[in-house]
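Next come the chains, spelled out residue by residue.
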Amino acid sequence: MAPAIEGMVPAIESSEGNNKMNKGYQYPSWKKKLRGLVVDNEELCRIVEKGIMGLCGVETQAVETGEAAVELIASGATFDIIVIDRFLPSMTGPETARKMREMGVESKIIGLFALYFEGDEEEFVAAGVDDFKEKPLSPNWLVPMLRELDN
Amino acid sequence: MERNQMHRQVSVMRQSLFDQGYLDEQFIQLEELQDDANPNFVEEVVTLYYRDSSRLILSIDQALERNPLDFNKLDTYMHQFKGSSTSIGAKKVKAECTQFREYCKVGNGEGCMRTFQQAKKEYTILKRKLEAYFQARQSGPSETACRPRN
Chain A
164 MAPAIEGMVP AIESSEGNNK MNKGYQYPSW KKKLRGLVVD NEELCRIVEK GIMGLCGVET
224 QAVETGEAAV ELIASGATFD IIVIDRFLPS MTGPETARKM REMGVESKII GLFALYFEGD
284 EEEFVAAGVD DFKEKPLSPN WLVPMLRELD N
Chain B
3 MERNQMHRQV SVMRQSLFDQ GYLDEQFIQL EELQDDANPN FVEEVVTLYY RDSSRLILSI
63 DQALERNPLD FNKLDTYMHQ FKGSSTSIGA KKVKAECTQF REYCKVGNGE GCMRTFQQAK
123 KEYTILKRKL EAYFQARQSG PSETACRPRN
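Protein chains in written order, with the working numbering: chain A, 164 to 314; chain B, 3 to 152.
Isolated chain A, as found in the complex:
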């Protein structure tokens, strides 16, 4: 069966990473241990995004608010990739990203949106995100990004 995702390698024996063999697809395993953080107020989105990050070999945590994400980082947690939803309840997505950069976070930060609003992308980019993407979080753009991080 052809790989579902461009650039996917055939299955290789590896004890590293969080890859799963499922229906003939081999999700990648990485040289480094990649860690991810999902910041999304919706429980459903957190579950699904965390799951997809996991499928892609990223050990992922998920939090509901920008404040919780900032607290986690302040407590010493480090991440390779952070995805932040555009709409968070109090501290907004861009505010969260800005705060993280101020704290010295150098991880890949991706702003995620479900509906596009004028000015959102500019706001997120000004706050220091690396990219601004429409949901769903997809292995198609996630995996190449992770490959870069792994090198």
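Any given hint might turn out to be false.
Subject to a maximum C-alpha distance of 30 Å in a straight line, what follows is the list of computed DSS-like cross-link-like pairs (lysine-lysine) [stated by the list, open to error]:
{"id": "1", "chain 1": "B", "residue 1": "K122", "chain 2": "B", "residue 2": "K75"}
{"id": "2", "chain 1": "B", "residue 1": "K123", "chain 2": "A", "residue 2": "K262"}
{"id": "3", "chain 1": "A", "residue 1": "K194", "chain 2": "A", "residue 2": "K296"}
{"id": "4", "chain 1": "B", "residue 1": "K129", "chain 2": "B", "residue 2": "K75"}
{"id": "5", "chain 1": "B", "residue 1": "K123", "chain 2": "A", "residue 2": "K296"}
{"id": "6", "chain 1": "B", "residue 1": "K107", "chain 2": "A", "residue 2": "K296"}
{"id": "7", "chain 1": "B", "residue 1": "K94", "chain 2": "B", "residue 2": "K75"}
{"id": "8", "chain 1": "A", "residue 1": "K262", "chain 2": "A", "residue 2": "K296"}
{"id": "9", "chain 1": "B", "residue 1": "K75", "chain 2": "A", "residue 2": "K262"}
{"id": "10", "chain 1": "A", "residue 1": "K194", "chain 2": "B", "residue 2": "K129"}
{"id": "11", "chain 1": "B", "residue 1": "K75", "chain 2": "A", "residue 2": "K296"}
{"id": "12", "chain 1": "A", "residue 1": "K194", "chain 2": "B", "residue 2": "K75"}
{"id": "13", "chain 1": "A", "residue 1": "K196", "chain 2": "A", "residue 2": "K262"}
Okay, the calculated beta carbon distance ranges per label pair [claimed, not checked]:
{"id": "14", "chain 1": "A", "residue 1": "E281", "chain 2": "B", "residue 2": "R57", "range": "23 to 31 Å"}
{"id": "15", "chain 1": "A", "residue 1": "M266", "chain 2": "B", "residue 2": "E46", "range": "34 to 42 Å"}
{"id": "16", "chain 1": "A", "residue 1": "S253", "chain 2": "B", "residue 2": "K122", "range": "41 to 49 Å"}
{"id": "17", "chain 1": "B", "residue 1": "D54", "chain 2": "A", "residue 2": "E297", "range": "42 to 50 Å"}
{"id": "18", "chain 1": "A", "residue 1": "T241", "chain 2": "B", "residue 2": "D54", "range": "30 to 38 Å"}
{"id": "19", "chain 1": "B", "residue 1": "I30", "chain 2": "A", "residue 2": "L235", "range": "42 to 50 Å"}
{"id": "20", "chain 1": "A", "residue 1": "S238", "chain 2": "B", "residue 2": "R57", "range": "27 to 35 Å"}
Since the hints were made in silico from the structure, they are not lab data. Think of the CB as a built atom: it goes at the ideal place given N, C-alpha and C, for glycine as much as any other residue.
Take the given structure of chain A and dock chain B to it, following the hints.
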């Protein structure tokens, strides 16, 4: 023979959901997340979607009864609704959410109301189809039978 027929029926049901545009490839991503440890992941996620969205739909309905309409609030609700619908691959519902946003942008209350009625219709149709699919899947032997790890 009967077992194979059931299996084929479930497969046909599943494929028609994609062919008729009710679901997109995000649903396949959810299926990828299903395994021995989480054998009913898809059904659980879909159940969560319908549970949480019902509250959101009520909020949107109430917001649409206000005069004048608060388009900012409607936008925020719709963002949530589209986000959740996107997460499960509810293709037609997503499309209506996008359309709703277009009407909100120009302050077209009538358009918003009409579109939301359509979104609710698609939401309900999908719910019925998914319920039937999950029921058929549970009642027949499944391809990926769950065996506890030893």
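Item to check | Which numbered hints fail | outcome: 2, 10, 12, 16, 17, 19
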